[in-house]
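Residue numbers (this note's numbering), protein chains in the order written: chain A, 1 to 596; chain B, 1 to 220.
Rather than coming from a laboratory, the hints here were simulated on the basis of the structure. Worth double-checking, as some hints may not be accurate.
[Stated by the list, open to error] Which residues of chain A face chain B? A few of them, derived with a C-beta cut under 7 Å, are:
{"id": "1", "residue": "80"}
{"id": "2", "residue": "261"}
{"id": "3", "residue": "321"}
Positions of the beta carbon are idealized from the N, C-alpha and C atoms, including for glycine.
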Amino acid sequence: MTFSGWLTIILFAVVLTALALPLGRYMARVYTGQRVLLTPILGGPERFLYKLLRVDPEREQEWKAYAKSLIVFSLAGWLLLYVILRTQNAFFVPHALNPLGYHSAPWNVTFNTTSSFLTNTNWQYYGGEMTMSYLSQMIGLTVQNWLSAGVGIVVAVALVRGIVSRSGKGIGNFWQDLVRTILYVLAPISAVGALVLVSQGVIDNFTSYLTAHTVTGLTQSIAMGPVASQEVIKELGTNGGGFFNTNSAHPFENPTAFTNFFEMLLVLIIPAALVFMYGRMTGNRRQGYAIYGVMMVMFLGAVSVAYIAEAHGSPAQHAAGLHTHVILGSTGGNMEGKEQRFGIAGSALFDVVTTVTSCGAVNSAIESFTGIGGAVPFANLSASEVIFGGTGTGLYSMLLYVLLAVFIGGLMVGRTPEWLGKKLEAREIKLAGLGILVTPLAALFCTAMATASSAGRKSISEVALSKAGANTPQGFSETFYAYLSQANNNGSAFAGYTGFVQPNAGNVGSHGVTFADLLGGFDMLFARYAPILFALAVAGALAGKRVTPAGLGTMRTDNTTFAILLIGVVVLVGALTFFPALLLGPIVQGLTGHLY
Amino acid sequence: MRRDIVTSVIGIVVMTILLGLVYPLAIWGVSQVAFPGNANGQKVYVGGKLVGSRIIGQSFATPVLEKNGKPKEVKGVVVTEADPRYFQSRPSVTEGGADNAAASTFSNRGPNSVKTKEADEENIKAYLEMEKPYDPSLTSAQIPVDAVNTSASNLDPEISQADAWIQAHRVAAKRQLALSVVDGLIAKYTSGRALGFSGEEGVNVLELNLALDRLTGGKG
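Bound-form chain A, shown alone (with noise of 0.2 Å):
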């Protein structure tokens, strides 16, 4: 460990709060149709666009009309998003949009690779530069980027207006709020974006590859493609689906530990707002501030055990003969499956970031992190990435563990648990319980069906196999992770686990492993819309509810106490649901310096 790491870290929380802090105020505003700086710019591509799509924007929705509007609009997308997929190679894509020809993936592949970008997901079976077209990673990928990062956002803010609402059943208008999101937060964001990450040498361009002759007479063939774009708002949707098969560890998508920091910025930027901007639609900041204080104390204490585990090194290499120490000239730790320029505190902070949200970018090799270092992102995973989390699926899953808390804070005072004003009753948790619980049980469901089963057992890589041929708790964290990563719609792998094949280059003979694309597919889908579904009900059930005001007997949800009770009842959760799977895999490799 060294003082510039430490450093890194801390400056890292600082610069994210002050940041934070003004988007969230901005949010606020956007959300409930105030004017914000860019309104005279963007009203009116904003009204084109409600002509366009023939909705009244006034028009309030109940939660079951936004429902619908919000899985309608999903299921378009995933339906083109697959047909563009699969027709990568077909006459009507110019070659110069396809410059190698690649044929597209089989059709269990592309089933798994849409569900994953529908849902915000971004899992990847496939490597980018080895299989998808220019074309596929730009009007595919890319879009899917920014509208599924659109629509997590507008659940959240449906979330909490149903919370804050006093009259009517209504919850916004969905078709509002998505043009919103993308017009107002996403776009401009990422244009300054991509243009920074452009600046600092991430590349974007639609040349084909690359054929260098080297100094020493060999040949090295380099992947290239329209990247920036897509880098921007893979980070800032926390999409995570990387343009090339090493993601945010390849050079091209981060090149410098500056595009590190900044893209770490990116991915947290948008969960931290949606937290200040709670506070602010509540009316009272100090919701929105003792949300976040929560969400920092496990932040900074995940990010704290990865980097002290990672700057300790591996069995592994200390049974080679390496020494993990810092020395002049070289920090040590665990460098297998990191880069250089990023350093150990550079690739545990970006691993922390990426597996508390949903974002799932890596700019390390996970699956190469030491036991316990690993252990961080399946910690992060179990307590359903609420600490920050995806764009809004972090602040309505936070939501839904907040309502859980006021009615435990509620039986332990014996009082009829309120929330900001408003009586919580059996509806109310029974929908919150249900929307907490389905994420485990879809990850824990898919886990056991695929170590349980020799179809399953297949997607474990060679690497992860003893010589005995035996599987080791290496394989079963992969097969772990993968449906664990997938229900979070994460996205982030122990890459090992594979679910396509491909023996020759540019797809031709290529086949997916049927079992892990669609257990992951589904998988994916599952964990995705039906909280979407719960934490919708749960806004419907609280908006229109009277409002009294606060007394002697009320529990506040905006101090320190409540904070650390919210705390206790995420760790609570998540330890129960997840501990002794966790102690198969990764814990027992951490406590141990056993080689297998």
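For this one, chain A is given, so just place chain B on it according to the hints.
Below, chain B alone, put in the same frame as chain A:
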């Protein structure tokens, strides 16, 4: 329902045009005008010939030749051996030979895996064989981890300074340069931490090697 379907279909088409065509092309256009070098991958030319990208790692090895003068291949992959006149990049296991920048990949070596240990041992052995003749006091305990462990992308363009300082002994001897000259070049091509605190210092291998070639000539 009908209304939702109509709006959804129009919506997804409009969004695809806006976000999938207009937006990426706009970013591409501005990038090509404002930052053409970066946007096109920071290509490096020597004598008019493209030798690589400044920020993509590459292998400084020469093809092993068969008796008939053709490059030796095993399973379609050219067999190479490290060229001792050049600084060597970090180990890379991309398919089709080291540092294949058309197929970046993680090694996915587990922290508690026997295979990881064996791979590390093999790399330590190769490193010692290569460097010890020029740096007799070198032991495995002094080898910096990045010289033995594969990177995340397997295309890491940089090595640690500690690694470069060890390799400098060999390169200086092979090129008949004073060690201080080579160390000076290392310092010149070492990138500092971003904003002074973030990330790690690293030495750009391609730039360093090209600077050496300019000093003492290329192949020889």
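Checked hints:
1. At about 5 Å, the closest approach between the beta carbon of residue 80 of chain A and any beta carbon in chain B falls short of 7 Å, and the interface hint on this residue holds.
2. For residue 261 of chain A, the shortest C-beta to C-beta distance to chain B is roughly 5 Å, which falls under 7 Å, so the interface hint holds.
3. At a threshold of 7 Å, the smallest CB-CB gap from residue 321 of chain A to chain B is about 5 Å, leaving the interface hint in force.
This entry satisfies every hint, going by the numbered hints stated previously.
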